[in-house]
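Starting from the structure of chain A, add chain B where the hints point.
The chain contents come next:
There are 2 protein chains.
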Amino acid sequence: MTLRIAALASGAGSNVAAILRCIADGRLNARMRLVVSNRPDAPVLDKARNADIAVWARSHKDFPDRDSFDRAMFAAISEAGADTVVLAGYMRLLSPDFVRAFAGRILNIHPAILPSFPGLHGGEDALNYGVRLTGPTVHFVDERMDNGPVIIQAAVPVSSTDNEDSLMPRIHAMEHRIFPQALQWLAEDRLRIEGRRVRLMPGKPGAPLVSTGISTGVSTGASTGNGPLGPWMVCPPLENF
Amino acid sequence: MTLRIAALASGAGSNVAAILRCIADGRLNARMRLVVSNRPDAPVLDKARNADIAVWARSHKDFPDRDSFDRAMFAAISEAGADTVVLAGYMRLLSPDFVRAFAGRILNIHPAILPSFPGLHGGEDALNYGVRLTGPTVHFVDERMDNGPVIIQAAVPVSSTDNEDSLMPRIHAMEHRIFPQALQWLAEDRLRIEGRRVRLMPGKPGAPLVSTGISTGVSTGASTGNGPLGPWMVCPPLENF
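Here the protein sequences line up with chains A and B, keeping their order. Note that the first sequence covers residues 1 to 241 in my numbering. Note that the second sequence covers residues 242 to 482 in my numbering.
Only chain A is shown next, with the shape it has when bound in the complex:
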């Protein structure tokens, strides 16, 4: 089933761009119906306009409270015909009503291996803690921040001399693979939420099973590879991303 996506973003929108690329090259069965931002000057909006995608940009400061902003956003998303909400660096909590309206159809990406380093600074917080492994998580959204059932996680190494400038591109490179992958699994109706765990159902026979691009190894349990930015590991294994 083709996903009809509304992407919510507050910043550069590199994940929105990655999703658009995967739609364009036929790997992700989706249409981007709307790009939403609570920051009318967010660079993601120009990316959307350049791709001829409808935008809805309103400052949350122009609304009396979270509920009223989220209601207006919900109306715009409904009007655009979107059935799936993608949080791609959306730096606000969603109201419970909004989350319930899209139950099981809202995905978020977070730059750390949740439940480590929830919140707005997952990359920086991991560095400051001194972890040796970190990487992004895609999860279903529930009413608590960075809390819902995990769909896919990736790990990259952190060296003792890394700073944000050296580490974040490694994390972003994995975000741009696992987020489209998670969405494609949703499009294929292969994700089952069982309590806190997410089961990935088998794909159709004949569907692609081997990672493309810079991946160098695939197993039943995880993809591992060694790309231009270094080694990485992803579970469940990437299929076509």
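Wrong hints could be hidden among the right ones.
Here are the in silico distance ranges between beta carbons for each label pair [as the list claims (entries may be wrong)]:
#1 A:A12 / B:R431: 54 to 64 Å
#2 B:M409 / A:P43: 40 to 50 Å
#3 B:K445 / A:R4: 24 to 34 Å
#4 A:G11 / B:K445: 42 to 52 Å
#5 B:P337 / A:L93: 32 to 42 Å
#6 A:G81 / B:M409: 43 to 53 Å
#7 B:G436 / A:E143: 33 to 43 Å
#8 B:M409 / A:R31: 55 to 65 Å
Which bits of chain A does chain B cover? Going by a derived footprint, with three or more residues having C-beta under 8 Å, they are [claimed, not checked]:
#9 107-117
#10 128-136
#11 154-166
#12 194-205
#13 228-234
Hints are computed from structural coordinates only; laboratory data are not their basis. Glycine residues also receive a C-beta, built at the ideal position from the N, C-alpha and C atoms.
Below, chain B without anything else, positioned relative to chain A:
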């Protein structure tokens, strides 16, 4: 410098056994001077006795408080001539005095990618949360539980059908490699604590740089491999373990 290790354990002691194997085969420059347990029936004690290693086994219940137990333990460790304390499944907090007495010389292994899932049930808690990546952490011990600077971390995949019986052997297999590796780096005086981060200094020229055994890939940033129990990733890279 040859480490003189006192190992503290409350249970089976599989990490003690792994350390003893690495000492025996010459990869870990250390002597096991004492095995300590707060559970006089802990299986680790038989492993130690069978290897002709001195043991100190006292129930903490026979002492009025933590400080008095830890003082008696400290006396036994000092008497045994140990300079390095290894927590290998030691299920008690250490008193601040004990931690200070061995500052920078106490290492702990935890079955989760800290700071995720601290506490006594790191493996089970990760399963119940629904993570897709987990694995052990070796860290210096400070006065807070599972909190000190991280030396090395490993990740293994978690499938949606894993249970403790299927997951824990994967975690333990990585524990048995990264704990001896961390100790060997300590023996080579290559670990520098810089705030919360641990810097690994370069090894001597000519020292082994490639993982042995089931490792299949090594890079500057991490070791990755695909062993009998599945894929894994370790940072910093394993050298000879």
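To see whether the hints hold, each was checked on the structure:
1. A:A12 / B:R431: 54 to 64 Å: For A12 (chain A) and R431 (chain B) the Cβ distance comes to about 39 Å; the hint is violated.
2. B:M409 / A:P43: 40 to 50 Å: holds, 45 Å
3. B:K445 / A:R4: 24 to 34 Å: At roughly 60 Å between Cβ atoms, R4 (chain A) and K445 (chain B) fall outside 24 to 34 Å, so the hint is violated.
4. A:G11 / B:K445: 42 to 52 Å: holds, 46 Å
5. B:P337 / A:L93: 32 to 42 Å: holds, 39 Å
6. A:G81 / B:M409: 43 to 53 Å: holds, 47 Å
7. B:G436 / A:E143: 33 to 43 Å: Given a distance of about 36 Å, which is inside 33 to 43 Å, the answer is holds.
8. B:M409 / A:R31: 55 to 65 Å: Cβ of M409 (chain B) to Cβ of R31 (chain A): about 44 Å, so the range 55 to 65 Å is violated.
9. 107-117: holds (count 5)
10. 128-136: As far as the region 128-136 of chain A goes, the hint holds, because 7 residues have Cβ atoms under 8 Å from chain B.
11. 154-166: n = 8 at 8 Å, threshold three: holds.
12. 194-205: holds (count 7)
13. 228-234: Contact hint for the region 228-234 of chain A vs chain B: holds, 4 residues under 8 Å.
In the structure shown, a violation is registered for the earlier hints numbered 1, 3, 8, in ascending order.
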